[in-house]
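Enquirer: Each protein sequence line maps, in turn, to chains U and Z.
So in the numbering used here, spot 68 of the first sequence is number 78, and the numbers just go up one at a time.
So in the numbering used here, spot 294 of the second sequence is number 295, and the numbers just go up one at a time.
Because the hints were derived from the structure by calculation, they are not lab data.
Some hints could be false.
Claimed, not checked - If you want the footprint, here are the derived chain Z segments under chain U, 3+ residues with CB under 8 angstroms:
#	stretch
1	269-283
2	306-317
What the hints assert, rightly or not - Here are the simulated EDC-like cross-link-like pairs (lysine to aspartate or glutamate), alpha carbons at most 20 angstroms apart as the crow flies:
#	chain 1	residue 1	chain 2	residue 2
3	U	Lys-385	Z	Glu-284
4	U	Lys-385	Z	Glu-190
5	Z	Lys-260	Z	Glu-327
6	U	Lys-385	Z	Asp-254
As the list claims (entries may be wrong) - If you want a taste of the chain U side facing chain Z, the calculated C-beta under 7 angstroms gives, among others:
#	residue
7	Arg-210
8	Ser-384
9	Leu-388
10	Leu-390
Since we're looking at a predicted model, the values are computed, not measured.
Note that beta-carbon positions come from the ideal geometry of N, C-alpha and C, so glycine has one too.
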Amino acid sequence: MKDWNALPDDQFRVDIRAFLEANYPEHLRYPSRRMRWHEVKEWYLLRAEQGWTAPGWPKEYGGVGLSPTKQLIYIEELERWGVARAPDQGVIMVGHLLIKYGTDAQKKEFLPKILSWEHIWCQGYSEPNAGSDLASLRTQAVEDGDDYVVNGQKTWTTLAQDATHMFLLARTDQQAKKQAGISFLLVDLDTPGVTIRPIRNIAGHEEFCEVFLEDVRVPKRNLVGAPNEGWTMAKALLGFERLFLGSPKLAQNALGRLRTLAEARGLFSDQGFVDQFARLELDVADLGEAYESFADQVRAGQPLGADISWLKVWGTETFDRIAALAVQSAESYGALAGPQRYGDTDVDALVLYFDALPATIYGGTNEIQRNILSKQVLQLP
Amino acid sequence: MNDSADELRMLADSVVQFARNDDTLTRTRALHKGGAAFSRETWSTLADAGWLGILVPEDSGGLGLGLREMAVVAEELGRARIPEPVVAVAGFTASVLSACDRKAAASELLSELASGATIAAVAWQEDPTDLDPATTHCRATHEGNAIVLNGSKCLVLPAEADVFLVSSETDEGVALYSVPSDAPGLALERRQQVDGSWVADLRLDNVSVSADQMLASPGQGLPALERGLARAALLAGAELTGLAHRLLGMTNDYLATRKQFGQPLSSFQALRHRAVDLYIQHELMQASLRHAFRTLRPDSPLALEQRLAARVKARTSDAAMRIGRESVQLHGAIGFTEEADVGIHLKRIMALSAWLGNAAWQRRRHFELSRNTQQEVA
Numbered sequence: 011m012k013d014w015n016a017l018p019d020d021q022f023r024v025d026i027r028a029f030l031e032a033n034y035p036e037h038l039r040y041p042s043r044r045m046r047w048h049e050v051k052e053w054y055l056l057r058a059e060q061g062w063t064a065p066g067w068p069k070e071y072g073g074v075g076l077s078p079t080k081q082l083i084y085i086e087e088l089e090r091w092g093v094a095r096a097p098d099q100g101v102i103m104v105g106h107l108l109i110k111y112g113t114d115a116q117k118k119e120f121l122p123k124i125l126s127w128e129h130i131w132c133q134g135y136s137e138p139n140a141g142s143d144l145a146s147l148r149t150q151a152v153e154d155g156d157d158y159v160v161n162g163q164k165t166w167t168t169l170a171q172d173a174t175h176m177f178l179l180a181r182t183d184q185q186a187k188k189q190a191g192i193s194f195l196l197v198d199l200d201t202p203g204v205t206i207r208p209i210r211n212i213a214g215h216e217e218f219c220e221v222f223l224e225d226v227r228v229p230k231r232n233l234v235g236a237p238n239e240g241w242t243m244a245k246a247l248l249g250f251e252r253l254f255l256g257s258p259k260l261a262q263n264a265l266g267r268l269r270t271l272a273e274a275r276g277l278f279s280d281q282g283f284v285d286q287f288a289r290l291e292l293d294v295a296d297l298g299e300a301y302e303s304f305a306d307q308v309r310a311g312q313p314l315g316a317d318i319s320w321l322k323v324w325g326t327e328t329f330d331r332i333a334a335l336a337v338q339s340a341e342s343y344g345a346l347a348g349p350q351r352y353g354d355t356d357v358d359a360l361v362l363y364f365d366a367l368p369a370t371i372y373g374g375t376n377e378i379q380r381n382i383l384s385k386q387v388l389q390l391p
Numbered sequence: 002m003n004d005s006a007d008e009l010r011m012l013a014d015s016v017v018q019f020a021r022n023d024d025t026l027t028r029t030r031a032l033h034k035g036g037a038a039f040s041r042e043t044w045s046t047l048a049d050a051g052w053l054g055i056l057v058p059e060d061s062g063g064l065g066l067g068l069r070e071m072a073v074v075a076e077e078l079g080r081a082r083i084p085e086p087v088v089a090v091a092g093f094t095a096s097v098l099s100a101c102d103r104k105a106a107a108s109e110l111l112s113e114l115a116s117g118a119t120i121a122a123v124a125w126q127e128d129p130t131d132l133d134p135a136t137t138h139c140r141a142t143h144e145g146n147a148i149v150l151n152g153s154k155c156l157v158l159p160a161e162a163d164v165f166l167v168s169s170e171t172d173e174g175v176a177l178y179s180v181p182s183d184a185p186g187l188a189l190e191r192r193q194q195v196d197g198s199w200v201a202d203l204r205l206d207n208v209s210v211s212a213d214q215m216l217a218s219p220g221q222g223l224p225a226l227e228r229g230l231a232r233a234a235l236l237a238g239a240e241l242t243g244l245a246h247r248l249l250g251m252t253n254d255y256l257a258t259r260k261q262f263g264q265p266l267s268s269f270q271a272l273r274h275r276a277v278d279l280y281i282q283h284e285l286m287q288a289s290l291r292h293a294f295r296t297l298r299p300d301s302p303l304a305l306e307q308r309l310a311a312r313v314k315a316r317t318s319d320a321a322m323r324i325g326r327e328s329v330q331l332h333g334a335i336g337f338t339e340e341a342d343v344g345i346h347l348k349r350i351m352a353l354s355a356w357l358g359n360a361a362w363q364r365r366r367h368f369e370l371s372r373n374t375q376q377e378v379a
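Take the sequences, apply the hints, and build the full model.
Expert: What follows is the structure, given as structure tokens:
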């Protein structure tokens with residue numbers, strides 16, 4: 011197999027870009043909502059055949075084994091071309107979890123099926139009463155012979171309706187304080203007692219679900235790591251992914267759409283609009299520089315500190331301001347559903363708006379990020 | 002860390018060391034009581050340290066370093082809230098002089114500037130509402146062997162300058178002349194700024210200069226001014242970043258130690274979140290500066306320098322004003338007193354933000370410059 015890491019970074023970027031431009035299906039570019047598995051399946055199965063399901067995994071586990079720099083380039087190119095995301099929790103979460111903490115048997119059983127997309131994973135973290143305060147989760151796993159018996163409810167589970175498996179956090183020690191009594195379990199969603207119910211979101215799409223677990227028997231061999239160590243592992247998994255919550259791509263793309271809309275409507279002759287646009291343009295520019303500087307840390311192999319949270323706050327709130335201005339600039343069109351014709355292009359201001367709304371909530375609300383920053387970075391008592 | 006990063010850190014450390022011995026805030030308050038903006042004695046100390054000559058070429062007695070080094074010093078001077086007009090003189094004036102085409106005259110003034118012997122200020126602006134250096138009504142005409150200047154200038158910083166670089170319109174474009182502050186026909190009116198500094202409005206009434214006082218020949222004055230204005234804006238951004246950082250530190254210390262309802266102010270989430278938002282503003286200031294110095298090369302074209310300068314000045318002015326304003330609020334009533342250190346920093350921020358185009362003006366300028374570039378590329 012080709013040694014991608016041996017390529018100079020610039021050449022790698024050129025190759026990836028050329029590959030995407032030549033091969034990625036045009037109709038799947040910049041989807042206006044999260045794609046379902048059946049919609050993106052063809053592309054991802056093709057990539058699986060090419061050995062490209064898991065660019066970040068080590069080669070010995072079937073990944074491409076890209077260096078951190080090249081992983082970043084790869085993701086930047088996917089974002090640049092507007093490649094739709096797969097239900098990729100298996101690749102970005104379960105794989106890393108098992109490679110680090112899993113038993114040999116678990117690796118053998120699950121990793122190949124993640125790579126082939128035979129298993130589609132979803133993440134069972136949030137519960138109706140455990141959102142920002144995740145450690146107060148109440149789903150229980152009680153030992154019974156060779157199994158754990160799991161009871162509880164998960165929610166905001168992205169694309170659970172497409173998933174075959176769920177990795178979840180459950181309470182295995184009722185007496186221990188909050189974080190201390192939580193374990194990591196791998197659950198086959200075909201097990202009796204699992205009910206999945208899609209939730210329609212504010213934009214009318216079914217991107218997440220609630221998952222009910224009633225006396226669900228999970229074999230003990232599906233426990234990852236030691237019992238009651240789940241919280242520590244969940245935190246360790248956050249590392250690399252946190253950078254992408256602050257990626258400037260969402261805001262950059264939104265600013266481009268706003269520019270198109272403004273050109274078509276002649277808004278650049280309106281000084282009031284120009285003043286708002288000029289501010290947002292600089293907000294996005296400085297976001298881009300901040301992202302680069304965190305990415306430099308990753309490229310240098312340094313761990314990201316708690317200060318990465320400000321990137322998420324600034325990136326998502328900038329996105330939000332752009333979306334709000336887009337809706338405002340659409341004026342009477344701001345209430346019409348679907349893309350509208352502006353000059354010779356279509357802009358859907360509402361898609362921007364509804365994409366921006368949850369960005370300040372998911373991945374840890376911006377209020378939680380501010381709590382983290384005030385405690386760990388500013389060290390305020 | 003490479004050599005250049007080490008050198009920059011050493012430069013920064015030397016300013017920190019100076020500030021530690023200077024007791025700047027006490028000194029500044031005493032100066033202000035006597036109506037003075039800054040001290041000539043300290044000015045000599047700054048010159049001895051080499052900081053006034055950072056941008057001055059070595060053959061003119063300077064250190065011959067670059068903008069980045071000057072920015073590091075400006076940021077540290079800002080953090081210490083030094084009242085001396087280092088950026089105005091060793092940044093703005095020195096940059097204009099370095100870009101002048103009459104090398105002999107410019108070099109002489111540069112060396113006096115680096116030694117601290119002469120304070121020189123750029124007299125370019127004529128209307129407080131117009132920041133375009135091309136708008137020059139001040140007129141230079143030949144009378145025999147002499148050149149005679151007539152016109153007016155405003156907001157010249159510092160008013161205490163010994164020499165002014167006066168931009169004047171000729172038939173072949175804008176030229177720059179050095180005019181001593183005691184030149185016959187030059188009338189000067191001082192106006193005080195909010196931070197205690199003084200600016201001068203100049204009236205030139207048949208001020209006679211000789212040919213060797215010409216620093217930039219007709220047509221060469223404008224590019225020299227443009228270059229200087231861009232660099233001054235970048236350096237003001239660095240000073241603002243230092244000032245804002247100092248204020249953030251003071252404010253967070255206050256939040257952590259001041260108790261109400263039996264607990265530190267910082268235990269209240271509403272205040273913690275505001276502190277985080279100010280921290281983010283400072284991170285953005287640093288990001289814009291970092292981007293500028295990552296991008297700039299010694300031979301960068303003027304247009305690029307101008308665009309980066311607008312971006313930096315827009316961000317740093319905006320963020321520093323917000324950090325200054327909020328710092329007063331987070332200090333409560335004590336923040337509104339003269340004795341509190343918050344105010345003296347806020348007022349310096351107000352002066353620097355307004356200088357050479359505030360945030361709103363710089364944002365518009367950045368927008369226009371970016372649009373021109375995009376159209377050129379297209």
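Enquirer: For each hint, tell me whether it holds in the structure or not.
Expert: Hints versus structure:
Chain U is given as covering the stretch 269-283 of chain Z, and this holds because 8 residues of the stretch bring a CB closer than 8 angstroms to a CB of that chain, at least three being needed. Counting residues of the stretch 306-317 of chain Z whose beta carbon lies closer than 8 angstroms to any beta carbon of chain U gives 3, which reaches the threshold of three, so the coverage claim holds. For the hint linking Lys-385(U) to Glu-284(Z), the alpha-carbon distance of about 17 angstroms falls within 20 angstroms, and the restraint holds. A distance of roughly 51 angstroms separates the Cα atoms of Lys-385(U) and Glu-190(Z); the hinted pair therefore is violated under the 20 angstroms criterion.
In summary, the hint linking Lys-260(Z) to Glu-327(Z) is supported, as the alpha carbons are separated by about 19 angstroms, within the 20 angstroms threshold. For the hint pairing Lys-385(U) with Asp-254(Z), the CA-to-CA distance comes to about 14 angstroms; that is within 20 angstroms, so the pair holds. For Arg-210(U), the suggested interface contact is broken, since its CB lies about 32 angstroms from the closest CB of chain Z, more than 7 angstroms. Given hint, Ser-384(U) at the interface with chain Z, holds; its Cβ is 4 angstroms from that chain's nearest Cβ, closer than 7 angstroms.
Because the closest C-beta pair between Leu-388(U) and chain Z is about 6 angstroms apart, less than 7 angstroms, the hint holds. Interface restraint check for Leu-390(U): the shortest CB-CB distance to chain Z comes to about 4 angstroms, inside 7 angstroms, so the restraint holds.
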